[in-house]
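Engineer: Sequence:
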Amino acid sequence: MAMTLAGCDEAVHETSQLRQVRTWVASQQPLPASSWTGIIEPAAEVSLQFRLDGRLATRPVDVGNCAAS
Numbered sequence: 001m002a003m004t005l006a007g008c009d010e011a012v013h014e015t016s017q018l019r020q021v022r023t024w025v026a027s028q029q030p031l032p033a034s035s036w037t038g039i040i041e042p043a044a045e046v047s048l049q050f051r052l053d054g055r056l057a058t059r060p061v062d063v064g065n066c067a068a069s
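This note's numbering puts the first residue of the sequence shown at 1, with every later residue one more than the last.
Since the hints were made in silico from the structure, they are not lab data. This structure is a prediction, so every number in the text was calculated from the model and none was measured. The reader is advised that the hints may include incorrect statements.
Taking CB as the label site, the calculated pair distances span [as the list claims (entries may be wrong)]:
(1) V63 x I39: 33 to 43 Å
(2) C66 x I40: 32 to 42 Å
(3) V61 x Q29: 50 to 60 Å
Note that CB positions come from ideal geometry on N, CA and C, so glycine has one too.
Using the sequences and the hints given, assemble the complete structure.
Structural biologist: So this is what it looks like as structure tokens:
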């Protein structure tokens with residue numbers, strides 16, 4: 001209880017002086033339309049292939065099962 005009352009001894013000093021600030025209103029203007037020509041290419045390409053051609057004979061896990069390496 002003594003700790004909470006000790007903080008109330010100091011008086012709060014309020015300043016009534018107002019500082020002047022400089023303000024302005026920003027207006028929003030549309031940008032002119034522009035078009036560009038070119039080709040979009042990825043930064044890196046990865047070749048995803050099976051090691052051997054053929055069909056997958058067995059699938060020992062089902063969708064959602066956890067597999068350990």
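Engineer: Next step is simple, just say for each hint if it's right about the structure.
Structural biologist: A quick look at each hint next to the structure:
{"no.": "1", "hint": "V63 x I39: 33 to 43 Å", "result": "37 Å, holds"}
{"no.": "2", "hint": "C66 x I40: 32 to 42 Å", "result": "37 Å, holds"}
{"no.": "3", "hint": "V61 x Q29: 50 to 60 Å", "result": "59 Å, holds"}
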